[in-house]
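Line by line, the protein sequences give chains A and B.
Everything in the first sequence is counted per the numbering used here, starting at 1 for the first residue and increasing by one.
Everything in the second sequence is counted per the numbering used here, starting at 293 for the first residue and increasing by one.
Any given hint might turn out to be false.
Some chain B residues close to chain A (C-beta under 7 Å, calculated; not the full set) [claimed, not checked]:
#1 Leu-300
#2 Arg-314
#3 Val-332
#4 Gly-333
#5 His-336
#6 Gly-337
#7 Glu-349
#8 Leu-355
#9 Gln-367
#10 Glu-421
#11 His-422
#12 Gly-425
Derived from the structure by calculation, the hints contain no laboratory data.
All values derive from a computational prediction rather than experimental measurement.
Heads up, the beta-carbon is just placed ideally off N, CA and C, and yes, glycines get one too.
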Amino acid sequence: MKAAAFAYARAKSVDDALQLLAAHGDRAKVLSGGQSLMPAMNLRLISPELIVDIAGIAELRGIEVRGDTLHIGALTRHVDLQRSAEIAAYAPLLAQAIAHVSHPAIRNRGTIGGSLAHADPAAELPACMLALDAIVVVVGVGGERRIAAVDFFQGIFQTAMSAKELLVAVELPFAKKGCVHFFHEFARRHGDYAIAGLAALAKIEDGFFRNLKPALFAVGDRPLLAKSASRLINVALTPKLLSEVSGALGDELESQDDQQASGAMRRHLARVLFTRCIATMLDRPELAGGAA
Amino acid sequence: MTPTSIALEVNGERIEAQVLPRLNLADFLREHLHLTGTHVGCEHGVCGACTVRVNGEIVRACLMLAVQVDGNAVQTIEGLSDSGEVADLQEAFRNRNALQCGYCTPGMLIAAQDLLKQNADPSREQIREHLSGNYCRCTGYQAIIDAVESTARSRGSRS
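Excised from the complex, chain B in its bound form (with noise of 0.2 Å):
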């Protein structure tokens, strides 16, 4: 199988690779860029702990070849963290407890901004429906579901 290659932005900066068609996105973001906040969970999109942005869209990076996002824009939590883009929504999980092994939190944080773009007061149900691709395996969701909705208020009384 020969190498292709692909060109692509990967937080805002321009990446050129030559990768095999087997290889997957959350690897690719792993193993040949060292941006290693995408975890790798169950490899078939069920946990969501590799929740990525492709041109501003959440996508499971386990999912999608690297060949795939030719072309393409890639946001993955260094970038959201690095522009300060969910810098209260981090803030929030600390403050609430709401991460214990910190697996799964990359993707929830990512997958919580996400809604809160589209949705800047949403119900505690919501919430839930929009993290339910997301296992958490330490807090059992309650602190996770306070951290998003105590960042919508917070963000709500600033603006």
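Isolated chain A (complex conformation) (with noise of 0.2 Å):
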């Protein structure tokens, strides 16, 4: 289908857009790159006012270090991620992720900010933001507000956001020495949308987890930090111990069913990639034994 009629407006500064969007409110919607605002438009599931085509905002584009954080510009491309050095060195778990968002066209349109306001349930980099412990970095008339990932993501397409609010940047503390990542996502076809999907963040030192920050997608209405991994902190690991942890964090999920599966495979796919994680992670591959 074709979008219905809006108005459009393109936003020259920060300062542009927010007067637009203060007086407009949620009549209008941002346009970042457009690879979710559109099919939404497409299908009508939204049909917005006006649009603020906020592309031409040359302050949102880019990546910077910022003494031990990266500061990723709201603009910033996946393809700007995935070819970014600075990315591969500090956040290699962003730089596995962004190979599974969606399909090279996608990826030379798609920004971080567009995703994250966006709040796709089954998107990866929002995942990866509770994995990272990013703080997402908001405008609005008022000031600036910076929100832990953790409290950003509110629910299906729900943000802390206002819709007189512009996400302008993310920053994300670099990865410390002895960090491990691991991402893993399971797809119909290679770049879709994640059935269940798993991009996690640990410490690990003389073979115990220190730290473990396993963000699960596509299994709830938003990404989720899995509370039981905590169990899992400071603690000799046992098949046994694991196989407990990983049936309590199925029963923290509620996963619900859609024409791509149900709640049931859900949870279950959600402990398979739970169990590989940690025995990927600490190289146990004999952990992941009965998993499945």
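Two chains, each in its own frame: build the complex with the hints.
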């Protein structure tokens, strides 16, 4: 189908965009790369009255190292993340995940800010933000708010941002020494939205988890940090304990049925992913032995 | 809704037009410029039939508005065909029966050429991955992978 009619405004600056959003509120939608917005409009799932195109705001573009933080402008495209030496060096989890975000033609247009603001529960980048302890930076006419990723995602296409705010950047702390990461997803076709996926970051010392952040996606109404995983910190891990914890993880989830998979299948896949993640991170394949 | 003026380059030719904001690039190319080689399949970014180049990079023409390409350079399958840039790839598609109905073919050719420009010697796995965003409902893909692979080889042996 085709999008319904709308008015179109090109924002020249962040202030310009904020004024347009302040005036039109939730009747307006911000257009960044358009790779989620345009499908939603073409399918007539949404019909905004005004499109505020922010693609020309140069200050929202680019990846910068600031101290021991990566500052990623909202308009940074997936292909830019994929090619970035800084992302590969300081956020290797993101570098690995980005190859699973859709297809080359989409990655040439889609942006990190757009993906996060859209908050699709099956998307890869929101889950990565949870695992990486990202801060999402949003601005409104009243000023800037810095929101922890874990508080940012609030439901299907729901975030902590108001319709009058603009997502301008994300900040990622550098991957620290001794950090390991894991990313895997199950999808019908490479690049499609996942049926279930897991992005994780951990710190391991002497075979013990000192820190563990497994973020599941496509298994709930938002990306979720697995709470049960805290039971694996600072303990000698046995297959029995891992099996218990992955069982508890399945019970944490309220996965829904849809045309791709049942809720029960999603909970099962989440347990499989989690078990593989732990075994891979610790380099102990025997832990995954009886998982699936 | 008032029409907006846009000026862009399409296949090397300067174009000026008045378009409504809701008009997507695929429909602009097809309906306004009669460049019907850009096919419209799913209209929500899944099938890849509308793949074109904007400023040298492949994009989904159904997921871009015509107003967004103001000031940019667009290349369609007509441009790539006329310049001869994909002539050998087209011949390989013919030789390998890499098309039947032909609906996906313009998008497949543009996506495959995009890969070959970035990677002169791709593995079959890399070809599959680069074309993963383009649906073909006739061939089962094997012949398409064959055609892209043989084009890469013949280009490699020529240079």
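Here is what the structure says about each hint:
Interface restraint check: B:Leu-300 against chain A, minimum CB-CB distance 15 Å, threshold 7 Å, status violated. Of the supplied interface hints, the one on B:Arg-314 holds, with its beta-carbon coming within about 5 Å of a beta-carbon of chain A, less than 7 Å. Because the closest C-beta pair between B:Val-332 and chain A is about 10 Å apart, greater than 7 Å, the hint is violated. The closest approach between the C-beta of B:Gly-333 and any C-beta of chain A is roughly 12 Å, which is over the 7 Å cut-off, so the hint fails.
For B:His-336, the interface hint holds, the least distance from its beta-carbon to any beta-carbon of chain A being 4 Å, beneath 7 Å. For B:Gly-337, the suggested interface contact is upheld, since its CB lies about 5 Å from the closest CB of chain A, less than 7 Å. The beta carbon of B:Glu-349 is positioned within 7 Å of a beta carbon in chain A (closest approach about 4 Å), and the interface hint is therefore held. For B:Leu-355, the suggested interface contact is upheld, since its CB lies about 4 Å from the closest CB of chain A, less than 7 Å.
Violation of the interface hint for B:Gln-367 is found here, the shortest Cβ-Cβ separation to chain A being roughly 13 Å, above the 7 Å cut-off. Below 7 Å, beta-carbon pairs count as interface contacts, and B:Glu-421 has one with chain A at about 6 Å; its hint therefore holds. With a least beta-carbon distance of about 6 Å to chain A, the hint placing B:His-422 at the interface is held under the 7 Å criterion. A hinted interface residue such as B:Gly-425 counts as satisfied when its beta carbon comes closer than 7 Å to some beta carbon of chain A; here the least separation is about 3 Å, so the hint holds.
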